[in-house]
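Here's the letter readout for the chains.
Number of protein chains: 4
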Amino acid sequence: MKNTFGNSVAVTLFGESHGEYIGAVIDGLAPGIAIDHGYIAHMLTQRRPVGKISTPRQEKDAYQIVSGVLNGKTTGTPITILIPNENVQSGDYTQMQTVARPSHADYTAQCKYHGFQDARGGGHFSGRITAALVAAGAICRAALAHKGIYIGTHVKKCAGVPDREFLDLASDIQALNEKLFAVLDDSAQTAMQDAILAAAAEGDSVGGVLETAVIGMPAGVGEPWFDTIESMLSHILFAIPAVKGVEFGAGFSIADMRGSKANDPLTMDQDRVVSTTNNSGGINGGITNGMPIVFRTAIKPTPTIFKPQNTIDFQALTRTVLEPKGRHDPAIVHRARVVQDAATAIVLSDVLAMRYGTDWLK
Amino acid sequence: MKNTFGNSVAVTLFGESHGEYIGAVIDGLAPGIAIDHGYIAHMLTQRRPVGKISTPRQEKDAYQIVSGVLNGKTTGTPITILIPNENVQSGDYTQMQTVARPSHADYTAQCKYHGFQDARGGGHFSGRITAALVAAGAICRAALAHKGIYIGTHVKKCAGVPDREFLDLASDIQALNEKLFAVLDDSAQTAMQDAILAAAAEGDSVGGVLETAVIGMPAGVGEPWFDTIESMLSHILFAIPAVKGVEFGAGFSIADMRGSKANDPLTMDQDRVVSTTNNSGGINGGITNGMPIVFRTAIKPTPTIFKPQNTIDFQALTRTVLEPKGRHDPAIVHRARVVQDAATAIVLSDVLAMRYGTDWLK
Amino acid sequence: MKNTFGNSVAVTLFGESHGEYIGAVIDGLAPGIAIDHGYIAHMLTQRRPVGKISTPRQEKDAYQIVSGVLNGKTTGTPITILIPNENVQSGDYTQMQTVARPSHADYTAQCKYHGFQDARGGGHFSGRITAALVAAGAICRAALAHKGIYIGTHVKKCAGVPDREFLDLASDIQALNEKLFAVLDDSAQTAMQDAILAAAAEGDSVGGVLETAVIGMPAGVGEPWFDTIESMLSHILFAIPAVKGVEFGAGFSIADMRGSKANDPLTMDQDRVVSTTNNSGGINGGITNGMPIVFRTAIKPTPTIFKPQNTIDFQALTRTVLEPKGRHDPAIVHRARVVQDAATAIVLSDVLAMRYGTDWLK
Amino acid sequence: MKNTFGNSVAVTLFGESHGEYIGAVIDGLAPGIAIDHGYIAHMLTQRRPVGKISTPRQEKDAYQIVSGVLNGKTTGTPITILIPNENVQSGDYTQMQTVARPSHADYTAQCKYHGFQDARGGGHFSGRITAALVAAGAICRAALAHKGIYIGTHVKKCAGVPDREFLDLASDIQALNEKLFAVLDDSAQTAMQDAILAAAAEGDSVGGVLETAVIGMPAGVGEPWFDTIESMLSHILFAIPAVKGVEFGAGFSIADMRGSKANDPLTMDQDRVVSTTNNSGGINGGITNGMPIVFRTAIKPTPTIFKPQNTIDFQALTRTVLEPKGRHDPAIVHRARVVQDAATAIVLSDVLAMRYGTDWLK
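Protein chains in written order, with our numbering: chain A, 1 to 362; chain B, 1 to 362; chain C, 1 to 362; chain D, 1 to 362.
If you're looking for bench data, these hints aren't it; they were derived computationally from the structure. From the three backbone atoms N, C-alpha and C, an ideal C-beta is built for every residue, glycine too. A few of these clues could be false.
Dumping the calculated BS3-like pairs for lysine-lysine here, alpha-carbon to alpha-carbon at most 27 Å [what the hints assert, rightly or not]:
hint : chain 1 : residue 1 : chain 2 : residue 2
1    : C       : Lys325    : D       : Lys261
2    : A       : Lys362    : C       : Lys362
3    : D       : Lys261    : B       : Lys362
4    : B       : Lys261    : A       : Lys307
5    : B       : Lys261    : A       : Lys325
6    : D       : Lys261    : C       : Lys307
7    : C       : Lys147    : C       : Lys179
8    : C       : Lys362    : A       : Lys147
9    : C       : Lys261    : D       : Lys325
10   : B       : Lys362    : D       : Lys362
Partial chain A-side listing against chain B, Cβ under 7 Å, derived [unchecked claim]:
hint : residue
11   : Gln64
12   : Phe125
13   : Gly207
14   : Lys244
15   : Ile287
16   : Asn289
17   : Pro308
18   : Trp360
Sequences are here, hints too, so could you generate the full structure?
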């Protein structure tokens with residue numbers, strides 16, 4: 001299905017970095033969901049570059065919703081979000097760039113699109129496209145919040161600097177969602193930003209780890225084969241540029257545990273079944289168990305750097321050296337977190353609508 | 001789509017651990033692919049328990065192919081594989097088990113299926129179902145090999161004992177595929193098995209990490225949004241019971257690298273574009289770049305252990321203690337590797353057929 | 001998706017006319033639905049050939065359900081139905097038949113499967129496969145009946161002989177479902193069977209029209225684009241061999257009406273919105289309106305006839321004459337009606353589960 | 001999947017009659033396809049109302065392509081088409097209209113969207129949305145034409161007035177595609193328009209039958225179950241507002257034929273397999289046979305008429321009479337024909353890409 005994902009609630013993404021609009025169609029959302037423009041704008045702001053640690057490309061992300069909303073509420077039909085590309089320097093791209101930037105999609109795009117791809121600013125592969133995903137996810141996320149389902153993501157690690165662990169999820173999630181730079185421990189922010197600037201000073205870039213927690217999901221949602229909650233989430237998460245790993249609960253560290261340590265003992269919290277640990281990340285057999293859903297993604301360092309790099313010209317099929325130029329984000333991990341929030345909201349809206357019907361989110 | 005996955009080549013799984021048959025329908029495979037029963041049996045053998053380190057449940061996995069094959073070749077219509085459940089001790093299950101085994105799907109199944117689930121031996125959640133996935137994947141994998149695409153998985157780590165790294169992929173993959181216990185360094189096998197037995201002696205279980213490499217994939221296959229190669233693979237991998245993490249290329253370790261280290265420099269190997277490192281795991285922008293596809297999964301320790309565990313009765317909603325009994329696999333990581341091979345083969349057959357058409361695999 | 005259809009409730013079909021088994025996997029049905037074997041057998045009997053007007057191939061259709069059912073109820077996981085092919089005369093087919101039977105799928109199968117197709121008895125194209133669809137549909141249909149949704153199909157016309165119109169739908173549907181030859185007016189049965197025998201006596205075959213009515217569907221189910229109720233039903237109906245037309249409500253006759261005649265005036269029947277005519281066939285804008293869903297299919301005459309026919313040898317690419325031999329159904333319209341019932345039940349189960357969630361049919 | 005249809009080439013539709021934009025995303029089209037704006041505009045003109053026989057709402061249909069096209073060629077990524085709604089009289093709709101127009105989707109929309117639907121001008125159910133489908137289909141259709149596949153639709157019947165039969169398909173299709181009012185026999189146009197005006201003069205509306213022929217399709221495309229060519233085409237055709245019937249080849253008239261008449265004898269036309277009749281409509285067993293694909297749709301009369309109609313208020317649940325007002329199309333069959341062309345082009349692009357791969361249409 002390519003640029004469309006989801007079964008009952010589905011999102012379609014379109015656009016290129018230097019095209020006229022990027023956008024998203026979010027289809028299948030229940031009618032009657034209030035559109036909170038302040039909240040959409042807030043999430044878009046969280047995705048935008050901030051200060052010295054980000055690219056100088058600054059856009060307002062002035063989105064329009066051109067279908068599916070009437071009198072401030074969803075109609076139940078497809079919601080289309082358009083975001084104009086305002087700050088485009090397309091003069092730089094009159095000629096097709098044939099020198100592949102290492103670890104970008106330039107060469108793979110050439111193999112797939114045979115030279116017809118829009119290579120300007122990364123084209124359809126650009127992280128810019130995620131702005132539309134964020135706007136679509138904002139609508140879903142607000143609807144989930146009305147059902148008591150809250151999502152929060154923090155920069156668990158950036159440039160090797162760790163944030164603290166999640167403690168009280170409800171208050172941690174609330175705090176994160178008000179921050180532009182999402183760390184639980186504010187001192188981590190300073191250390192991370194210093195490390196980012198240090199890398200930038202050397203013309204280099206850094207990566208990190210994002211951790212998401214979801215509270216309030218009912219138990220019994222998901223499928224054993226093949227649409228497990230992990231499968232559905234990882235499907236969309238791995239489409240976010242720069243994600244190279246996804247893990248749930250204890251994740252890769254569970255590989256070194258024994259079963260007696262890894263297993264989550266169950267107990268009763270009044271009339272609710274809970275587990276005393278959450279190595280499962282809220283999911284057993286692909287289905288939610290009512291505990292928080294917890295997962296992490298590995299975000300690679302921005303592949304654009306200010307250092308010469310060995311590469312090839314894919315037209316001439318010759319070796320060459322890529323000299324640095326253009327815009328530069330020494331880190332995107334702090335910006336990607338709200339993309340992760342949004343992607344999570346879209347998938348959860350979908351699996352809930354599959355489970356409980358198309359009116360459930362109303 | 002629940003129990004069906006894939007777009008052009010799709011697999012449907014069915015069956016329960018103690019039902020009459022488990023099975024798979026593999027649909028969309030090109031006509032004219034030779035069925036190598038020796039190879040299917042070989043892969044099923046690799047999934048079967050071996051010696052003291054596995055469950056005493058021993059089955060022949062005598063599969064039948066009841067549709068889609070004529071005169072030893074695929075017809076192009078759905079191939080149905082049936083595997084009878086022969087060694088079923090269903091007498092143990094006349095009463096619905098209402099004590100949830102921690103980190104199993106017992107409680108989540110109850111939340112989803114309201115007591116109607118087949119709980120015998122894990123039912124539809126059982127790892128047993130993967131035998132059908134293996135048989136289906138064996139057909140795809142043999143077809144891929146005829147096109148020069150080879151898949152191999154090793155136990156990169158088990159019970160904390162590491163295997164050596166991949167060196168020469170072609171010969172390593174070939175060697176792995178002949179082994180029952182898939183390690184590259186034979187001394188690692190002894191150490192792993194000792195560690196497994198040590199855990200078993202304490203009534204405990206262990207987990208590990210599986211690493212897969214694929215060579216021969218053409219460049220230019222996959223989609224930027226949302227059906228990236230990582231998305232498609234992770235979707236099916238996370239449906240394999242016990243998988244809690246999936247990472248590509250450098251995976252989570254890329255989070256600590258700088259861009260200058262993480263980026264894969266490109267160069268020419270005669271007329272072929274190659275990279276001198278492979279932190280991208282053969283995929284950029286969701287699309288194959290012609291380098292080997294490399295990924296790892298985190299396999300949790302078998303949740304069934306021989307120790308008392310705190311849990312709940314989900315009918316009575318009371319706390320209780322689960323006393324150990326029944327069959328027991330102190331590790332499944334070595335058995336899961338061929339499931340990972342099979343799942344990989346199915347997904348690659350699908351994305352190749354989407355890219356090049358339904359006759360391509362012929 | 002080829003051999004799988006449906007979103008929340010999906011059916012996968014497999015098998016060939018002379019293979020070991022044909023079968024179906026029905027996935028996504030709610031847990032706790034009672035399996036009524038008498039009812040499944042009853043529907044399979046309605047599909048079987050009867051007396052002199054049908055093929056001498058007589059099979060017991062002794063199906064097995066090998067997954068997804070426990071203690072007589074659905075578990076919520078895939079239900080697999082196997083029907084063995086018992087009366088196979090495969091000796092007739094040691095050589096690939098390369099003379100294309102006109103208006104059969106022989107030549108198109110060759111173009112698609114390049115000679116690897118199982119051509120014995122029509123292979124995967126055989127109407128025999130519909131037995132599995134009927135068994136799967138029987139389970140859905142019984143579940144729908146428990147929710148007050150009833151489906152009935154009659155032979156509206158066969159060999160030019162008309163049946164009477166639907167009058168009281170509830171009693172007409174009930175009466176039809178007890179009949180082997182589904183006409184509302186019993187005298188029509190005699191006339192139709194005489195006409196069929198007359199054609200058979202000349203080595204010829206006849207077609208007809210099937211009309212289905214569904215009562216009890218709630219209003220508000222379906223989608224404007226693209227999954228209208230008409231779209232979903234026609235998608236599966238056109239997969240039934242021999243169907244060449246599908247029309248809803250007034251169908252093609254609406255083309256000659258004026259709007260003032262075609263429009264269905266609305267009124268209140270106590271607190272229920274109803275229309276005083278039903279030219280819309282229970283669907284407006286792709287969505288159910290609470291009135292009976294009514295549609296008709298055109299069933300072509302069986303293409304196998306006992307007369308010499310001009311055709312080609314698709315291997316030699318030469319003209320030839322097909323001389324009559326083998327089994328022969330002078331009409332299948334009366335047998336196809338229960339296939340239409342079954343297909344309808346599957347689609348309605350799907351759209352209802354999409355609308356109201358996966359537990360709704362329970 | 002609701003507002004998205006297709007597997008390899010998929011279209012997503014969005015927008016409402018009185019919203020800001022309607023539009024379409026066409027995803028999966030091969031890279032390098034030339035965009036012929038003159039041709040898109042030409043097809044949009046064919047959909048627009050003409051003269052006295054159509055609604056006074058006149059729009060320029062000034063579309064924009066805002067993604068997926070660079071330097072006049074497709075890039076291979078999603079193509080987004082926006083069409084602004086310019087001539088909106090939304091002042092008429094400050095209050096939710098609760099009187100259901102008979103045979104419109106007003107009441108069913110209420111049942112599905114609970115009062116949150118955009119009811120202005122039919123909202124998302126409006127025939128206006130088909131302008132976006134036409135623009136998307138124009139791109140596909142031009143690409144198909146470059147591969148020698150031509151599509152043409154004529155008004156076979158309108159207000160009871162017949163057009164002549166197709167004779168020479170190649171020249172008939174070419175002629176049709178240049179006409180605004182698509183009849184093969186120009187005298188039929190006069191008679192049809194007179195009949196439309198006669199109905200309009202009485203405040204009434206008329207329907208008709210559209211017939212489409214496709215030449216140049218290769219044999220061997222499509223699936224036996226469930227994605228037959230008939231299934232795929234009917235799925236999208238029944239989503240076109242006003243379509244109440246779809247038939248292929250001889251269609252419903254085949255029900256009255258004997259097999260000896262209905263069967264299409266095969267012969268050789270030099271080295272090509274052809275049939276001497278085409279009652280199958282170019283499809284056997286769901287797969288193209290290389291003959292022209294021929295099908296017809298029944299188009300109901302426009303439900304908006306200038307006569308009082310009995311209906312209900314769905315808020316008050318009371319009976320009432322709908323007095324005529326607003327815009328009025330006494331017939332839409334002549335405008336729907338290009339929608340049918342477009343829908344056909346989209347589906348054929350999809351099934352061809354599934355069969356031959358994503359580069360085939362290039």
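Each hint, compared with the structure:
1. Under the criterion of a C-alpha separation no larger than 27 Å, the hint pairing Lys325 (chain C) with Lys261 (chain D) is consistent with the structure, at around 19 Å.
2. For the suggested pair Lys362 (chain A) and Lys362 (chain C), the alpha carbons sit about 23 Å apart, so the restraint of at most 27 Å is met.
3. With a C-alpha separation of about 38 Å, the suggested pairing of Lys261 (chain D) with Lys362 (chain B) is violated against the 27 Å cut-off.
4. Taking the CA atoms of Lys261 (chain B) and Lys307 (chain A), the gap is about 11 Å. The hint holds against a cut of 27 Å.
5. Under the criterion of a C-alpha separation no larger than 27 Å, the hint pairing Lys261 (chain B) with Lys325 (chain A) is consistent with the structure, at around 19 Å.
6. At roughly 11 Å between alpha-carbon atoms, Lys261 (chain D) and Lys307 (chain C) fall within 27 Å of each other, so this suggested pair holds.
7. Between Lys147 (chain C) and Lys179 (chain C) the alpha-carbon distance is near 23 Å, which keeps this suggested pair within the 27 Å criterion.
8. The straight-line distance between the Cα atoms of Lys362 (chain C) and Lys147 (chain A) is roughly 25 Å, inside the 27 Å bound, and the hint therefore holds.
9. Using a Cα cut-off of 27 Å, the hinted pair Lys261 (chain C) and Lys325 (chain D) holds, with the two alpha carbons roughly 19 Å apart.
10. As the CA atoms of Lys362 (chain B) and Lys362 (chain D) are separated by approximately 23 Å, the hinted pair is consistent with the 27 Å bound.
11. About 21 Å separates the beta-carbon of Gln64 (chain A) from the nearest beta-carbon of chain B, more than 7 Å, and the hint is not met.
12. With a least beta-carbon distance of about 4 Å to chain B, the hint placing Phe125 (chain A) at the interface is held under the 7 Å criterion.
13. Interface hint at Gly207 (chain A): satisfied, since its Cβ lies 5 Å from the closest Cβ of chain B, which is below the 7 Å cut-off.
14. Because the closest C-beta pair between Lys244 (chain A) and chain B is about 5 Å apart, less than 7 Å, the hint holds.
15. Annotation: interface hint on Ile287 (chain A) holds; nearest CB of chain B at approximately 4 Å, less than 7 Å.
16. Taking 7 Å as the C-beta contact cut-off toward chain B, the hint placing Asn289 (chain A) at the interface holds, the least distance being around 5 Å.
17. Restraint check, Pro308 (chain A) versus chain B: the minimum CB separation of about 10 Å is more than 7 Å; hint violated.
18. With its C-beta approaching chain B no nearer than about 15 Å, Trp360 (chain A) sits outside the 7 Å limit, and its interface hint is violated.
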